[in-house]
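Q: Below, each chain spelled out in residue letters.
There are 4 protein chains.
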Amino acid sequence: MLERKRYEDLKVGDRATLTRTITETDIVLFAGLTGDYYPVHVDEEYARRSRFGGRIAHGMLVGSLVSTLNGWILGTGGGISLRQTLEFRKPVRPGDTITAVAEITELIPEKRQLRVKHTLTNQRGEVVVTGEALEMKDEEEAP
Amino acid sequence: MLERKRYEDLKVGDRATLTRTITETDIVLFAGLTGDYYPVHVDEEYARRSRFGGRIAHGMLVGSLVSTLNGWILGTGGGISLRQTLEFRKPVRPGDTITAVAEITELIPEKRQLRVKHTLTNQRGEVVVTGEALEMKDEEEAP
Amino acid sequence: MLERKRYEDLKVGDRATLTRTITETDIVLFAGLTGDYYPVHVDEEYARRSRFGGRIAHGMLVGSLVSTLNGWILGTGGGISLRQTLEFRKPVRPGDTITAVAEITELIPEKRQLRVKHTLTNQRGEVVVTGEALEMKDEEEAP
Amino acid sequence: MLERKRYEDLKVGDRATLTRTITETDIVLFAGLTGDYYPVHVDEEYARRSRFGGRIAHGMLVGSLVSTLNGWILGTGGGISLRQTLEFRKPVRPGDTITAVAEITELIPEKRQLRVKHTLTNQRGEVVVTGEALEMKDEEEAP
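Chains as they are written, first to last, in our numbering: chain A, 22 to 164; chain B, 22 to 164; chain C, 22 to 164; chain D, 22 to 164.
Check before you lean on any hint, since a few could be wrong.
Same chains, same names: a pair is fine if it fits in one copy or spans any two.
[To be verified] Derived DSS-like pairs (lysine-lysine); straight-line CA-CA distance at most 25 Å:
#1 K26 x K111
#2 K111 x K138
#3 K138 x K32
#4 K26 x K132
#5 K32 x K132
#6 K111 x K132
Just so you know, these hints were derived from the structure itself, not from any lab.
No experiment lies behind these values; they were computed from the predicted model shown.
Using the sequences plus the hints, can you model the full thing?
A: The structure is reproduced here in C-alpha cells:
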C-alpha cells in the first residue's frame, strides 16, 4: 500500500488517515517498550482515584500513530522526519477509537522539505492530540 | 524511580537519565504497535540499498523514551504532559545504546508548569534526538 | 504434548485438541505481527456499524491454532507442513473460547505423508473454522 | 490507506504487495500467540541438527501476511475471507525478506465473490509460499 513517490508528487492538501481503537493491550505494550510505568497508565487503583477516574493511554502512544501517517504521506523512495511536535489536549482511555489525520500544509522545494499537520480525534469528535511534522523527501539517495 | 513529588519539590536543573540498547525486537514491536511498516524500518533489502545502509529505528520509538523520563522528573502525585517536541538528528540502528537525559530548564509557578529539555546520545556520544516538553504538575487533584 | 514419533507410529484417527479463549490482546498482537489492521478487527466504531456488530478476530489468527495441533500430531523427530486449507465459517469475537481438533484422516506411506482434518468450534458448539493439512514425516533426516 | 471499495471497483489483475523482513522476534511472537513451540521454530540446538540447519519461521506466520493483502485488495466497506489455501514450498529463516503479492484472478459477480492468488518470494526470488483465497465483498451490509 506504500506507493513510491517523488517530491514532485507531493501537494499541499494531500492527506492520510487511519482509525484505531486504543486498547488496554496497546497501553501495556507501550509501557513495556518504553519503560514508562507512570501509574496513571498502569496502576488502576491509583488512576481511579486521580482526576482521570481510570487508566489513560500514554500521550506518546497516541501521538506515535502519526509515525504511520507520515510514512503514508511521504511514500517510499526516500523520506525522513526531521522534527515532530505533539500537543496533548484530552486523555485517551482504553476503548477509545482514534481517527488520526495528516495533511501537507506547506512545501519548501528548495530544501525538498514539507510541513505536515496532524489532528487526532476520538469517537465523539473531540480533538485529543494535535501535531506538526517537518519532513524531508530525499529520493535521490534512496533505492 | 517514581517518588511522590509536589510542585515545590521541583528545581531547575533536576535531571533524570536512562540508558537502553535499541534492539531489532524494539523496532518490530513498535512497528506492530503503531502500524508503521515504512520499509527503512522493516525491509532489510530496501534499507540496505538506502543511504542508511540497513534498517533503522523509528524516530518516534527512540523519542518515546522521553515519556519514561518525563514521569521520573514529575514524580507521582499528579503530572501531565501538555506538549512534546522532538528533533531527529541522526539515525539509530539496532544494537545502538541510547542514553536519554531529561533536565528541568524552567519553572512557571503561576501555572504550575515546567519546561524539560531532552538530549539522547548514542554509544559514540553523538546526539541522535533532542526534545523539549511542557509539563504540568497538578498534584492537588491527584491521589 | 510434543513426543518424538516415527512415521510408523502414526495412525488414522490420531487426534490432538486444544482450547483457548481468543482475547482482544490476541487480536491486537496478530494485527501488529501481520500488519493486518482491517477495520473490522481494530476499529470498534466501524465494526459496531458492520453486520458483525463489533470487532471480530482475524480468520488467519483463529486458523493459526492448527499450526500448534499439526506439531502435536506429527511429534518431533522430523515433520513438516506441505499445504494447509482453511474455511472461515463463522466470526470469532473477543472472549469466544475455541476448541480446535486435528485428526489424521489418511496415511500415504509411499511418500511418508499424511492428511489431517481440522475442526474449530466455539463455546456454543458452532463450527467456526474447518481445515485440512497435507503433512510429511521426514524423521530419517531429523535429530 | 485502506480505501473504501464496491464490488464493481474490483478487476481481474488488481494487485497488492508488501515486503517485510521476517525476524526472530516475529517467530517468538507467533509461537506465543499460537502456542506452536515445535522445536524447529524455537529450539536452536534441535534446529541446527535438523535438515534445516537452524530455526525456521512457522509456515502459518509467513502465510499470515496474506491476511493483510486480502484486506488491501478488498478495501473497506465490507469484505470477508471464505477460504484460504497455502502451500509451503521453501523454509523461511530469520532475516529473510519476503515479498508477498496478491492478485485477483477471477470475479464471480453472481455471488459477489472473487478469487485471489498469492505468491510469496524471498530476497533471492525463490517462491516460498503460494496461496489462493476465496473472498466475498458484501458492502451492502457494511458501514
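Q: What hints, given by number in increasing order, does this structure fail?
A: The structure conflicts with no hint, since it agrees with every one listed earlier.
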